[in-house]
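Peer 1: Turn these sequences into a full structure, and let the hints guide you.
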Amino acid sequence: MPHAVVASPPGRARRVVSTALALLVSAVGVAGCDRTVQPTEVLPALQPGSVDADAGSWRMLVLGGPEQFQVPAPAAVTSDLYRAELAAVKAAQARMTGAQRRALDYWSGGGVLRWNQLLRELVARYNLPPAPRPDGSYAAPDAENPFADPQFPFANPPYAARAYSYVSVAQYEALKAAWHWKFRYGRPSPARVDPDVQALVPTGDLPAYPSEDAVLAGVTAEMLKLLFPASVDEITRRAAEQREAALLSGKATASDVAAGLALGRAVAAVVIARARADGMGAAGGTPAEWQALADDARARGEIAWVSLETPARPPMLPNFGRVQPWTMSAAEAVGLEPGPPPSTSSTRMQEEVAEVRHAVEGLTRAQLAIALRWNDGAGTYTPPGHWNDIAAEYVRDARMSEVRAARVFALLNAAMHDAAVGCWAVKFRYFNPRPSQLDPSIRTTIGLPNFPSYPSGHSTFSAAAAEVLGYFFPAHAAELAAMADEAGISRLYGGIHYRSDIEQGKAHGQRIGAHVVRFARADRAE
Amino acid sequence: MSPSLPACPRRSAPLLVHAATLVLLALAVHATPARGQTLDDGLTLPRRQLRVGVEYGHDRWDRYWEGTLRRSNENIGTLTTQSVTWTAGYGVTSRLTVFATIPHVWTRASEGVLQEMRGWQDVTVAAKLGLLERRVADRATVGTVLLVAVGAPISDYTPDFLPLSIGLGARRATARGVVHLRDHTGVFAEAGAGHTWRSTVHLDRPAYYTDGHLVLSDEVAMPDVFDYAVGAGYQRGGLRLPIMLVGQRTLGGGDIRRQDMPFVSNRMDFVRLQARAMYALPRARGVMLGAGFARTLTGRNVGQSTTLWAGLTTVFGL
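Order-wise, the sequence lines are chains A and B.
Each residue of the first sequence is one higher than the one before, starting from 1 at the first, in the working numbering.
Each residue of the second sequence is one higher than the one before, starting from 527 at the first, in the working numbering.
Because the hints were derived from the structure by calculation, they are not lab data.
Think of the CB as a built atom: it goes at the ideal place given N, C-alpha and C, for glycine as much as any other residue.
Hints are supplied without guarantee of correctness; some may be wrong.
Now the stretches of chain A that chain B is said to cover, found in silico as 3 or more residues with beta-carbon under 8 Å [claimed, not checked]:
no. : segment
1   : 78-92
2   : 115-122
3   : 173-185
4   : 360-368
5   : 445-453
Label pairs and their in silico Cβ distance ranges [what the hints assert, rightly or not]:
no. : chain 1 : residue 1 : chain 2 : residue 2 : range
6   : B       : Leu777    : A       : Ala73     : 54 to 64 Å
7   : B       : His739    : A       : Ala92     : 44 to 54 Å
8   : B       : Thr670    : A       : Asp397    : 24 to 34 Å
9   : A       : Thr40     : B       : Gly778    : 16 to 26 Å
10  : B       : Gly703    : A       : Ala99     : 37 to 47 Å
Peer 2: So, in structure tokens, the structure goes:
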């Protein structure tokens, strides 16, 4: 045994150990006091202020009318068939698992709001550009092979604007049709028919047949599978979970759910047919078209936009400006567009470039925060997603019926889709260079978007969104307009847009938003 | 006796200014045994000794791991992170040393359009406690050191501009234990491991996507971090030469997605080989020069960086 020498008396060692423990405890206390995330947009169980019994008569955007798809009359609540369904609900409630209860609570926050959150998640998941290949080229995402690298889709802002609008419009159409049949047949919810069925969510006076939850599950799943095919598993699982929650909650029986699902799917088929023919398939353009855009700008004596990425990346969806709008004809859309930007050789342009350079060189922390708050770049839910995020809390707080919530999102997203179409048409008409192209000393504080500068997409989206939301939530119109202005100026702070991009984008967005508001005023939902 | 320290670096103090300052200081002073100054070694300072130092660090990478995929990015080029770190250590007793470090950091990408970032990063305050030191068979000494450290940002930098952000923005607490063994010839070996708890981080935006989920909050949960270091070296007189294998494993967090940018709560793992040399100048009492080199061998969601350090510490007689 080697003899060991204890370096200090035992009493001292004890003091030392207790000092160490005290240090550790206080250190963890200092750093560990804030370890969990406080989520926003928490959704309590939906209790609509009104059932909106007349929603079946509200103006349609795609369907010919609420009876385009017939929903057969349900069995009487006194029938043996219905009694068997009630028994099944009671049995399912009796053996409900914890996971089922959590799913029920989740969906009780409202199907429109929940699907909107899930849609934002899907957009963020797929909003990534293709990586360059070793030869410096970029593969285009392929809808026929969505699981490949690059994944399909690249849910960039125009793709996302269109996706939000298709899902929201399809939901809105399907729910208006559902409301029509609900009040035609007036079948109460199972919890109202049979006191032994527990009402695990507030059921209200809304007739149960067809189930609005199943309508939403059916229509949304079909739309999402079209738009985000690689997430088919999750989409299908969520839709099934929503239908099951409707049943377990005491809101719907099997026939309520089956009728709702069929109606939702039928409406989706109509909207999908529109999507397949709206021009999106050609939005990416061809190398010859990309070259023609540059040649055309040079022929006008302007400096043509070039990609500042390495390797140079093809411009983002150059033909998106030809995609079909929701609320206006192509001619009406052109009538709302702004004129040309300042010439790239003008003094005005030089001044605007200098303004961007000064902005980024002298950026304050508060200005950087604004640039980052509204960045909404790759990997995020995009600017249209940001405005859905903003809208969701207003919709929740207004305690809207599902169909009225769907109206807000449908018209908001129709406006932003139309804003994307209009903005992209102008962007690729003028093919104007970004600030860092005209002055390479301009270093950006956010990612530089890979498409022409004029006008600012953020400004167009945001002004259109604020215009529409300000109409739906007039008490908040001023704060919404201030947010839109902040979103616009954030692009100057980011170093990626000139002031005239922002001002003209805002004015364009406001005109598009006002057009959608005129539609809303006349849609019989007021 | 107590040389003045180099002036606080200006916002864009060039490397040459710092280097020249260090060399001038180095020439001014006299010898002391090489004693602990870093947060991860097994050394403590003598009682009532105040040691102040400054270290310049230069870290660069042109390859990084996007998740587990090692790649380059022509829109980043070479990412260079430079730092000037001020340190102070004080021997409260012969067993208890307290430290503080404050780095000033600046980052730059050689390609692309993204702006560089700079600023004061995080203050770290640490206490290091030497425990259970024993002599073994009159040939060697074995001992343990416990370290407790807390850190917090000292400026309002954004952690949401990676890889150019100067830090991750979390408050943190670390507990670390080190076992060291030294024999009478000067050869030593060390092994240590630590665990770091981190506070949430606030972004300037209301939502973010990471690890498969959209989170509707500006607040980001930061996973704990486990780190370890094993190494050996030689210490004799004024010279100390440790070579360490240093690893970090983040206990959670998502990968950088294909062609995405890094995110603050990513699972950042690495194994680095690190060599340092510390030398107490024989004719300048209290002054110690240090230099180091490290290379990342493997990683996940981090750059494959090469790091160089040069620093100087000096004793203030108390």
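Peer 1: Decide, hint by hint, whether the structure agrees.
Peer 2: Here is what the structure says about each hint:
1. Taking a C-beta to C-beta cut-off of 8 Å, the segment 78-92 of chain A contributes 0 residues in contact with chain B, too few for the three needed, and the coverage statement is violated.
2. Under a criterion of three residues with beta carbons nearer than 8 Å to beta carbons of chain B, the stated coverage of the segment 115-122 of chain A is upheld, 3 such residues being counted.
3. Only residues whose beta carbon comes within less than 8 Å of a beta carbon in chain B count, and the segment 173-185 of chain A has 0; fewer than three means the coverage is violated.
4. Given a C-beta distance limit of less than 8 Å, the hint that chain B covers the segment 360-368 of chain A holds, as 3 residues qualify and 3 suffice.
5. Interface restraint, the segment 445-453 of chain A with chain B: holds (3 residues with C-beta to C-beta distance below 8 Å; minimum three).
6. One distance hint, 54 to 64 Å for the beta-carbon pair Leu777 (chain B) and Ala73 (chain A), holds here, with the actual separation near 59 Å.
7. The beta-carbon spacing between His739 (chain B) and Ala92 (chain A), approximately 29 Å, falls outside the hinted interval of 44 to 54 Å.
8. Look at Thr670 (chain B) against Asp397 (chain A): about 57 Å separates their beta carbons, and that is not inside 24 to 34 Å.
9. Take Thr40 (chain A) and Gly778 (chain B): their Cβ atoms lie about 22 Å apart, and the range 16 to 26 Å holds.
10. Taken as a hint, the range 37 to 47 Å holds for the pair Gly703 (chain B) and Ala99 (chain A), whose Cβ atoms sit roughly 41 Å apart.
Checked against the numbered hints given earlier, the structure breaks hints 1, 3, 7, 8 and satisfies all the rest.
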